[in-house]
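Student: This is what each chain is made of:
2 protein chains.
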Amino acid sequence: MNKMKKTILILIRVLSIGATVSAAIVMATGHENTNILSIPTQANYSDTPAFKYFLIANIIGSVYGFTVCFLPQESSLLRLVLISDVVMSVVLTSSLSAAMAIAELGKKGNSHAGWQPICGQFHNYCDHVAAALAAAFIALIFYTSLIFHSIHTLLYPMSLL
Amino acid sequence: MNKMKKTILILIRVLSIGATVSAAIVMATGHENTNILSIPTQANYSDTPAFKYFLIANIIGSVYGFTVCFLPQESSLLRLVLISDVVMSVVLTSSLSAAMAIAELGKKGNSHAGWQPICGQFHNYCDHVAAALAAAFIALIFYTSLIFHSIHTLLYPMSLL
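Taken in order, these protein sequences are the chains called H and F.
Each residue of the first sequence is one higher than the one before, counting from 1 in this note's numbering.
Each residue of the second sequence is one higher than the one before, counting from 1 in this note's numbering.
Treat the hints as calculated values from the structure; they're not laboratory data.
These numbers were taken from a predicted model, which means no experiment stands behind them.
You may find that some hints are simply not true.
Label pairs and their in silico Cβ distance ranges [claimed, not checked]:
| # | chain 1 | residue 1 | chain 2 | residue 2 | range |
| --- | --- | --- | --- | --- | --- |
| 1 | F | Asn44 | H | Gln42 | 53 to 61 Å |
| 2 | F | Leu15 | H | Thr7 | 14 to 22 Å |
| 3 | F | Glu32 | H | Leu155 | 46 to 54 Å |
| 4 | F | Ile10 | H | Ile10 | 39 to 47 Å |
| 5 | H | Lys108 | F | Glu32 | 37 to 45 Å |
| 6 | F | Glu32 | H | Met4 | 58 to 66 Å |
| 7 | H | Phe137 | F | Ala131 | 45 to 53 Å |
| 8 | F | Leu71 | H | Gln42 | 51 to 59 Å |
| 9 | F | Met4 | H | Asp47 | 51 to 59 Å |
| 10 | F | Cys69 | H | Lys3 | 42 to 50 Å |
| 11 | F | Glu32 | H | Pro72 | 52 to 60 Å |
| 12 | H | Ile12 | F | Lys108 | 32 to 40 Å |
| 13 | F | Thr29 | H | Met4 | 39 to 47 Å |
Glycine residues also receive a C-beta, built at the ideal position from the N, C-alpha and C atoms.
Construct the complete structure from the given sequences, taking the supplied hints into account.
Tutor: What follows is the structure in structure tokens.
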């Protein structure tokens, strides 16, 4: 049972790395060229500070995830991993929320501020951003489950779950 | 020492309530009327979904803070409070990040997307938003210290800190 538990935990950790790596790659490759009023225009993640923050947070999340996989399974380290998992999930939540706020603006605009939606002109770019946000959201679900498991293990060390 | 520790914890909890209540009030009252090209225009938090989410998150944070103050100081409840503090701080982080992304756009705009800054026309409104964000940031610092204290207490129940 203990071996199965460890396998599931490593699987969740690997899936969370996969999700943050996917989010970073999809965001970084999401650029599109189009002509607006015959003027060549390009949309790129680097045009938006929130998307740059999102990319950096997901790269850090990926590197952190890899590092944790190679740590020995000791109780004292488990506490450190719990705290760093909490910090990492706060950083990922923060970057995801900021990117979502801008993505929502890109899709719907804000008529009060005079900000027009841009997804009508940049379909592929918006699809890329949406996919990156979805991947980061999945990573957050994995992180949340890892945190709750760590808290559970620290509170009830003898539990089989 | 134990009594002093409890007093400090209650003080931090009360300060975090003060910060979330301030953030909610300052955001909710931050509207401004001005004339742009002789057309009367109003800026209001309710024009922006991210600011509405920010207001709701801070109201929930305030109500939650009040509720926790009246809970008995039992060990089993401390675990529940730790988990709900983590959830609450994730919600506050998320709303703060989304609001900050939009506030940054309001201040600097995004020339690539054709979104002009609006803070030149709405000084008071932008000052209100900045103050609300600062209050929410302070609330988050208090929540973080409460979470780390709860983790410490659960891991080392006999510690005086």
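Student: Now, for every hint given, state plainly whether the structure supports it.
Tutor: Structure-based check of each hint:
{"no.": "1", "hint": "F/Asn44 <-> H/Gln42: 53 to 61 Å", "verdict": "violated (34 Å)"}
{"no.": "2", "hint": "F/Leu15 <-> H/Thr7: 14 to 22 Å", "verdict": "violated (44 Å)"}
{"no.": "3", "hint": "F/Glu32 <-> H/Leu155: 46 to 54 Å", "verdict": "holds (49 Å)"}
{"no.": "4", "hint": "F/Ile10 <-> H/Ile10: 39 to 47 Å", "verdict": "holds (41 Å)"}
{"no.": "5", "hint": "H/Lys108 <-> F/Glu32: 37 to 45 Å", "verdict": "violated (23 Å)"}
{"no.": "6", "hint": "F/Glu32 <-> H/Met4: 58 to 66 Å", "verdict": "holds (60 Å)"}
{"no.": "7", "hint": "H/Phe137 <-> F/Ala131: 45 to 53 Å", "verdict": "violated (30 Å)"}
{"no.": "8", "hint": "F/Leu71 <-> H/Gln42: 51 to 59 Å", "verdict": "holds (54 Å)"}
{"no.": "9", "hint": "F/Met4 <-> H/Asp47: 51 to 59 Å", "verdict": "holds (52 Å)"}
{"no.": "10", "hint": "F/Cys69 <-> H/Lys3: 42 to 50 Å", "verdict": "holds (44 Å)"}
{"no.": "11", "hint": "F/Glu32 <-> H/Pro72: 52 to 60 Å", "verdict": "holds (57 Å)"}
{"no.": "12", "hint": "H/Ile12 <-> F/Lys108: 32 to 40 Å", "verdict": "holds (39 Å)"}
{"no.": "13", "hint": "F/Thr29 <-> H/Met4: 39 to 47 Å", "verdict": "violated (55 Å)"}
Violated hints, in rising order: 1, 2, 5, 7 and 13; the structure is consistent with all others.
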